[in-house]
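J.: Chains as they are written, first to last, in numbering that gives the first Met the number 0: chain A, 0 to 349; chain B, 0 to 349; chain C, 0 to 349.
Accuracy of the hints is not assured; some may be wrong.
Identical chains blur together in the list; that is why a pair holds if it fits in one copy or across any two.
Result set (SDA-like, lysine to any residue): computed pairs, CA atoms no more than 25 Å apart in a straight line [said to hold, decoys possible]:
#1 Lys24 to Ser265
#2 Lys24 to Gln307
#3 Lys277 to Gly241
#4 Lys293 to Arg58
#5 Lys24 to Arg315
#6 Lys168 to Arg78
Treat the hints as calculated values from the structure; they're not laboratory data. Note that the coordinates shown come from a computational prediction; the quantities given were computed from them, not determined experimentally.
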Amino acid sequence: MFITNTWYVAARSDEVVADAPLGRKICDQSMVFFRNAAGEIAALEDFCPHRGAPLSLGRVVGDTLVCGYHGLAMGANGRTVSMPCQRVGGFPAIRSFPAHEAHGFIWVWPGEAEKADLALLPPFEWLGNPAYGYGGGLYHIGCDYRLLIDNLMDLTHETYVHASSIGQKEIDDAPCKTRVEGDHVITERFMSGIEAPPFWRMALRMNGLPEDQKVDRWQICHFTPPSHIMIEVGVALAGQGGYHAPDAVKAASWVVDFITPETAHSLHYFWGMARKFKPDDEALTAQIREGQGKIFAEDQEMLERQQQNLLAWPGRRLLMLNIDGGGVQSRKVIDRLLAAQAAPSTPAAA
Amino acid sequence: MFITNTWYVAARSDEVVADAPLGRKICDQSMVFFRNAAGEIAALEDFCPHRGAPLSLGRVVGDTLVCGYHGLAMGANGRTVSMPCQRVGGFPAIRSFPAHEAHGFIWVWPGEAEKADLALLPPFEWLGNPAYGYGGGLYHIGCDYRLLIDNLMDLTHETYVHASSIGQKEIDDAPCKTRVEGDHVITERFMSGIEAPPFWRMALRMNGLPEDQKVDRWQICHFTPPSHIMIEVGVALAGQGGYHAPDAVKAASWVVDFITPETAHSLHYFWGMARKFKPDDEALTAQIREGQGKIFAEDQEMLERQQQNLLAWPGRRLLMLNIDGGGVQSRKVIDRLLAAQAAPSTPAAA
Amino acid sequence: MFITNTWYVAARSDEVVADAPLGRKICDQSMVFFRNAAGEIAALEDFCPHRGAPLSLGRVVGDTLVCGYHGLAMGANGRTVSMPCQRVGGFPAIRSFPAHEAHGFIWVWPGEAEKADLALLPPFEWLGNPAYGYGGGLYHIGCDYRLLIDNLMDLTHETYVHASSIGQKEIDDAPCKTRVEGDHVITERFMSGIEAPPFWRMALRMNGLPEDQKVDRWQICHFTPPSHIMIEVGVALAGQGGYHAPDAVKAASWVVDFITPETAHSLHYFWGMARKFKPDDEALTAQIREGQGKIFAEDQEMLERQQQNLLAWPGRRLLMLNIDGGGVQSRKVIDRLLAAQAAPSTPAAA
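When you get a sec, could you build the whole thing from the sequences and use the hints?
T.: This is how it looks when you write it as structure tokens:
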């Protein structure tokens, strides 16, 4: 159901403050995140080995997370450090999860700890890149994480779900193409000589470009496992090369979608936008985040009601059209990785 | 559990407006209702054949219901009419349900479409009859539809549940008689020389009759399948013939109860009153609807808590007293029709 | 799961007023409590033998509880007394439960009625004793009743859960001792020469004692079946004998905890305090009740989240430390009584 030997975004950095732990369920595992005295992140099972209380109701003291029920002090490695009047040497350890913080995100590896490898963190070019201005948020959605992958790999839904903001009929009318490069699925769509929708008019203006001219527009959706979707979006003044036009005549961004499964039918959706213009304009960041937040909230009811429908009609097969190609190919990658995860390890020598 | 080869009230006409579809579950089937350009009603499974989104989140365009997710345009017959950039000929159909609109109600046939027959619509004399003034509403109640049948076929509950409005001790004290005529169950009660309760005082006044004299009162409950209950109610000045008294000395109405099962333990309750006096007095219609709405809301907690009790004590047998005869006989009719529905069809020639 | 041949607190006396019945589920049985004309308490199944309506929606008339649906009048013994126009002789009885009222509490015996014995009511010395002032309240908590027993038999949680009121680090640091005397489990802790926490400063003041001197403090938790926990708490001026000091130099109370299981994962918590000072000061009673109510509410989230954790990790074994001894021993008593309850009765002669 879930790829677990991989890195997921567990939280935004600002969700885990110095003193207070954060409880969050990821891939059906209740976890607690906290910072030690140096500010480093630890991730543990949210279960005190003493009597099963959630450690996320406790507080941080020094390098330990102190249970809010009877004062057991838990270390970042899942071993009890101390407890009033108790010898804790024989206390059973709880599970700790590899965790890492970088560029405003806290990552967690919910699978086999010995396979965790920082080299496997995704190398998105906008992450920590000062040429980009980033803003985003977090939504909780009650659906299978793969329904949101489908959603984001088929942007024709913008015309219907987001008709008043980023949608436009030309999206529907432009054919899309999907290709697969290893575990990487790319669905792209190019529109030529169209009107810019409101968001892109603003972006053109911010780049000192005229907003009332025809533009070429692109949407290039990139799926990478387990469930990260980065979408290159942008417009260029028409006829200057489109996606390949020089920076001086275009406006471009990455739409950021980190999807982290919570349970079989719910997920944490870390959405955002990394824009390649006016990176330090914080008022603009706030304005875009607010607008994007409203738009992305429009998907929630559709996704949750779709999930309910699929549960109510479990035997019904869905269509797989060309527009669905991105989702279909992404699910094939996921299925392949899930099968590999379930298979017994190859013996070292046979 | 449900009789399905029959007509149920699915909605009031005003619930399905020109542009917006209405989603409603009937007999455990999620349906969507919409009007084509000519205003005619269609009923479909609430499931887009593309990716399973509920069509009830879409909108009506011309004669089609356009899915709010990716723009599939569905026809009234359950076949896809079009979808941007797609050939839709091979798309699987979804189920359509026979539907019919008449006299302010939308009817649906949730069973085998080929057996649907407009001649089987119930011929209530007040429906569309200008001699009657009608007002009503819709409640959602969390109980088996048969518990509401029991409720309405035994009006002694008025004395207890509706003590302050239509209840009076004389109802309890007057014996009732139940008879069965084919699928039609009738429970009737006649009270002679009693005080009129508040509702009937008002009705007498509206008919230009004295409200401070003794009256004869009647309640004649008619069950017809699947779960329609029409109750003839009225009062006549005492000693003038009661139910058979001339119109000039009486006031009479039909209490209307269309019960439509939603699930095994919930229902849609279309209640109303068709009064045979001042049919065009809209202020009176509004006043009666408000009063009736308050009274009928008093049954909700009792029905839902009774349902919970029956689920908690599943083995417990209930009493079947004479006052319960109407419900008992109605359930026998239902059981007979359910058995016939479950039986294999008779071969044409044996 | 539940000891049933025993007395539980079902309600505070003031919860069952003259006219209105009270519905409450105890040990998974839906019960209704009401008073007859003489004010005596009866407890019955909350199920009308007519059609299964909850009798708790009815009202009391004379010595009967009249069903709010169709008027069946039920007697305190579970037999129908009358019903309009019906002969009720053959109506099936519903179950009645032995009930008893004393000193402000209503007790019920949910098990075999023939084993109910008033001599088995617990003889707490403060109950009905004018030397004590009593105030308390009722909370509904979503956890197994045994988790609350654990909570109350291990007061080290005060340091963490109730840090701002009754908790103090010295509780953690003082060893506790647990002993078992038959079915009675006692966990006690004594602290010497410490600062009095805020509640006890107030109590010293009320007893005309100085509040700024060192004190000796004690906590003696008494578990008796099925799930009553009485805690002797108090302080004495330091060095005067502590728990055994003369009354003139100490302040003492009983913390009262009647735990009544509702379902496998919920309970009714009747909490209170019987103080051995200023027993008639009603303003003080109100002040203490308010303070205690706030403190005891702090346990609710912890207990409910602990319950959810235990359900999510069913295979995980918990630690049993010395501080947990009181809970562990109490559960052993419960397990022994549950086993005896499940065993076939000993034959009279073998």
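J.: If a hint holds in the structure, say so; if it doesn't, say that too.
T.: Tested hints:
In this homomeric assembly, lysine 24 and serine 265 come within 25 Å of each other (Cα to Cα) both inside a single copy, at 10 Å, and across copies, at 24 Å. Taking the shortest Cα distances, lysine 24 and glutamine 307 sit within 25 Å of each other both inside one copy (21 Å) and across copies (13 Å). In the homo-oligomer, the alpha carbons of lysine 277 and glycine 241 lie at most 25 Å apart inside one protomer (21 Å), although the nearest pairing across protomers, at 72 Å, exceeds that limit. Proximity of lysine 293 and arginine 58 under a CA criterion of 25 Å is satisfied inter-copy only: 21 Å between copies versus 34 Å inside one chain copy.
In this assembly of identical chains, lysine 24 and arginine 315 lie within 25 Å of each other by CA distance solely across copies; the values are 18 Å between and 30 Å within a copy. In this homomeric assembly, lysine 168 and arginine 78 come within 25 Å of each other (Cα to Cα) only across copies, at 23 Å, whereas the closest approach inside a single copy is 57 Å.
The structure agrees with every numbered hint stated previously.
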